[in-house]
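Asker: Chain by chain, the residues run as shown.
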Amino acid sequence: MSEPFDGWAVPPGSLTDLALIEEGGVRYPVLDAGAARALLAGLRSAREDALLRDSAHERARLLGRVGARFLDPADPLRQEAEERLPATADLSPEMARAVIEGMARDWTGERLTGLLASELPQPEALDRFVPRPGGGRTRAFAPALSFHVGAGTVPGVSATSMLRGLLLGSATLVKPGVGDVVLPVLLARALAEEAPRLASALAVLYWSGGSGERAESVALETSDLVVAYGGDATVRSLRERLPVTTPLVAYHHRLSVALVGRSALSQERLPAAAAALARAVALFDQRGCVSPHAVLVEQGGEAGALELAEALASELERLHRELPPTHPAPSQASAIHQLRRTSELRRAAGENIELHAGPGASWTVVLESSANLEPSCLGRTVRVHSVADALDAPDLLKSVGRHLQTVGVAGLGERVEEVAAALGKVGAVRICPLGEVPFPPPWWHHDGRGPLSVLLRWVDLEG
Amino acid sequence: MALAPALPPSPEAAPAEPSFDRLVADLDGLFQQGVGEALDEPAFNGWALRVFRWQFEHNTAFRGYCLGRDATPATVTSWEDVPAVPTGAFKRLRLLSAEEGREPDAVFHTSGTSRTERRGEHLVASLRLYRSALLPTFRVQLLPDGARLPVLALVPSPQDAPRSSLSYMIGAASETFGAEGGGWFAAADGELQKDGLLRAVEAAIDAGGPVLIAATAFAMAHWLDGLARDGLRFVLPEGSRVMETGGFKGRVRGVSRADLYDGIVARLGIPMNRVVNEYGMTEMLSQFYEPVLDRFQASDAGLGDRLHIGPPWVRTRVLDPVSLALVPDGEPGLLCHHDLANLGSVACLLTEDMGVAVADGFRLLGRLPGAEPRGCSLAIEELLDAAQAT
Chain A
1 MSEPFDGWAV
11 PPGSLTDLAL
21 IEEGGVRYPV
31 LDAGAARALL
41 AGLRSAREDA
51 LLRDSAHERA
61 RLLGRVGARF
71 LDPADPLRQE
81 AEERLPATAD
91 LSPEMARAVI
101 EGMARDWTGE
111 RLTGLLASEL
121 PQPEALDRFV
131 PRPGGGRTRA
141 FAPALSFHVG
151 AGTVPGVSAT
161 SMLRGLLLGS
171 ATLVKPGVGD
181 VVLPVLLARA
191 LAEEAPRLAS
201 ALAVLYWSGG
211 SGERAESVAL
221 ETSDLVVAYG
231 GDATVRSLRE
241 RLPVTTPLVA
251 YHHRLSVALV
261 GRSALSQERL
271 PAAAAALARA
281 VALFDQRGCV
291 SPHAVLVEQG
301 GEAGALELAE
311 ALASELERLH
321 RELPPTHPAP
331 SQASAIHQLR
341 RTSELRRAAG
351 ENIELHAGPG
361 ASWTVVLESS
371 ANLEPSCLGR
381 TVRVHSVADA
391 LDAPDLLKSV
401 GRHLQTVGVA
411 GLGERVEEVA
421 AALGKVGAVR
431 ICPLGEVPFP
441 PPWWHHDGRG
451 PLSVLLRWVD
461 LEG
Chain B
1 MALAPALPPS
11 PEAAPAEPSF
21 DRLVADLDGL
31 FQQGVGEALD
41 EPAFNGWALR
51 VFRWQFEHNT
61 AFRGYCLGRD
71 ATPATVTSWE
81 DVPAVPTGAF
91 KRLRLLSAEE
101 GREPDAVFHT
111 SGTSRTERRG
121 EHLVASLRLY
131 RSALLPTFRV
141 QLLPDGARLP
151 VLALVPSPQD
161 APRSSLSYMI
171 GAASETFGAE
181 GGGWFAAADG
191 ELQKDGLLRA
201 VEAAIDAGGP
211 VLIAATAFAM
221 AHWLDGLARD
231 GLRFVLPEGS
241 RVMETGGFKG
251 RVRGVSRADL
261 YDGIVARLGI
271 PMNRVVNEYG
281 MTEMLSQFYE
291 PVLDRFQASD
301 AGLGDRLHIG
311 PPWVRTRVLD
321 PVSLALVPDG
331 EPGLLCHHDL
341 ANLGSVACLL
351 TEDMGVAVAD
361 GFRLLGRLPG
371 AEPRGCSLAI
381 EELLDAAQAT
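First to last, the protein sequences are chains A and B.
Anchor point for the first sequence: position 260 equals 260 in our numbering, and the numbering is continuous, going up by one each time.
Anchor point for the second sequence: position 4 equals 4 in our numbering, and the numbering is continuous, going up by one each time.
Just so you know, the hints here were simulated from the structure itself, not pulled from any lab data.
Keep in mind it's a predicted model, so treat the numbers as computed, not measured.
Built from N, CA and C at the ideal position, the CB exists for glycine as well.
Be a bit skeptical, because a hint or two may be false.
Per label pair, the in silico range of CB-to-CB distance [as the list claims (entries may be wrong)]:
hint, chain 1, residue 1, chain 2, residue 2, range
1, A, Asp460, B, Arg229, 49 to 57 Å
2, B, Asp189, A, Glu82, 50 to 58 Å
3, B, Glu331, A, Glu23, 21 to 29 Å
Covered by chain A, according to a simulated footprint, are these stretches of chain B (three or more residues, beta-carbon under 8 Å) [stated by the list, open to error]:
hint, region
4, 53 to 62
5, 319 to 330
Based on the sequences and whatever the hints tell you, model everything.
Answerer: Structure, rendered in structure tokens:
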């Protein structure tokens, strides 16, 4: 058994003499209300000196210098992440590596600068009033103190959220979910070494539901803005506990699908589509909000849903070795066996269904006869449906529209814009090539809103 | 009636079963022998192979399923090789094993844990077989002293809930073993009729005669809440007992079993060792009970030490959730029940319930919540609820 991971990073001198708890391989301090208040007051008062003396561009450069270290396999920081991630995030070492690579791609200076440019055409608006095209002036204020509550499903999400806060110059408290403790803590520790001034306005602190209640209440009461990732129930509960004046940026449950059009279904193009699709399903062991639950395959191509399901199955089998899953939880395995065997029985009863399944409860592809979209039980389980035309897809997705996020597409050719518009109408917020599904770019409209602009408060100066 | 001897385990030589009714009659004879008589392995195997053959030959979906798994009456020589049907399949298929054209005697629906969940249907070909399976087990586990008691049922009556197997079961038991003074105290929608219940309890106390209360854990918790709110406490006459069921699998509004039982002791004056958990499912016609009245009358075994046992015509295996192979003794796994009373549907059921094998029964660990997706991925229930709301 390796040493537990210390699931916190706070400015030096704060949080001394605290009782530690260990849970699921993560050790963390228990804060009473007083300690939490002192910590947050410290972050808030450090902000001016730590973050606001530099321009946003300079902060992007400093943050990016540390973030990029996760991309260098020889860097000790990257190595520690690779070593620590599998056990705490419940991922295989191969998957952990792929997730670090994919996430950290957006943590470089170049990408963070790109994010600034995309979100704030006049980034200096963060530092002073800038003229508006229609007249008058305006200035963007970041929340003095932002509180980021992670879900823990997908490692890296909390670190990305933390970078967004710091980039805007917000003193930042991150409470990652248990499966996502390693990356924000390592990133914060490295920042403390390389950019200590900046890190004095940053704290990363894991706590579990019960033990952290007091600290969480203090953080919810005192923060100027809260960003939350999690299930609908978590978001609802946070909303209820927040002061009415505190904005909540909530990323609730999401579901993603794929849509494969006719022209991707030729002999030459089918293998590539199937490979990209399989990778999208397998990454994060399908726990991501971007992970496809179902694939809609357009009729009228050289190949159809049947062939795509077969190709997808053989790609998933290959990824089972290349990016192995971890041992599934009993509930997951049970749900998968229920689905597989029920599919076998439905087929035996004459329904037009094909089942492809990997060893144990590893991966499952069901070629469905029904057009009803059902959410996957995850664990690399995906249903393949046939649709007469790509433009029929939005109708099928209507029922899940409120939770719909990414639609990975291929083979739509010139129709892509028309189809994208129809998908957007029913709720989708991101239409992208199959190969891009797992890792949206930093400037994507996260669940439909600008990732930085959603955090800002604009002050207009008229006259 | 003469019992058909178990057939030798060479199914190729076995004659085809003449008819469903004949098999029902034979099984009925077996069940009539009672719960006390153990069925040894070869005998159980013989019966199980007869049932398998019947189902293979009279259930198209099941036959295709078995063929896909290379399991036929010619290749299956042990009941453990009969392909297990997932309980979830009852939500998608009509799994009736009977002569063509035969209509089921009853169709029971699973309750489902959320308003939008797809419901399962158990087509019961023979209610006679259901009764002959449920009655002896009920008698041994709840009335081992031979008492005839008024049954206070906190579930809707079979007339009000014709799709509820639980209502049917309690109805059959109270018809057979019940006494004057009982009744049904829940409306069709489950709403408790608290006033009537109060009068029945007071009448029992006045008369000094014990009663049997049959309830879902949910209804019981609800009733006890009401009694607590009204500050009411009773001491039901000595010999009273409770059968509670359906709790602690999925959600029972966050009430722990210990709290529920403490409430029964405090509010009804029925000691903990007279509260029996029944574990059953709509998809299965036999039931499991905690043998607290039958065996441990004098003992106060802690709730954690309790086990469930089934009648001799049911065998339960504990399977690894991933490989579905038998787990080593003492390890937790998925419960897979083989119930001969399920002749008219499918006998071998792969459940979503976790348990550990102990002595001659198993310890129930609870129902898996289904693959509860974590974090930002979608909870199936939330999705369906949201879809419903649109």
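Asker: Please go over all the hints and tell whether each is borne out by the structure.
Answerer: Hint check results:
1. Between Asp460 (chain A) and Arg229 (chain B) the C-beta distance comes to about 55 Å, which sits within the given range of 49 to 57 Å.
2. Separated by about 56 Å at the C-beta atoms, Asp189 (chain B) and Glu82 (chain A) satisfy the suggested range of 50 to 58 Å.
3. Between Glu331 (chain B) and Glu23 (chain A) the beta carbons are some 24 Å apart, a value that agrees with the proposed interval 21 to 29 Å.
4. With 3 residues bearing a CB less than 8 Å from a CB of chain A, the region 53 to 62 of chain B meets the requirement of three and the coverage assertion stands.
5. Judged by the Cβ-Cβ criterion of 8 Å, the region 319 to 330 of chain B is covered by chain A as claimed, because 4 of its residues qualify and three suffice.
Of the numbered hints stated above, none is contradicted by the structure.
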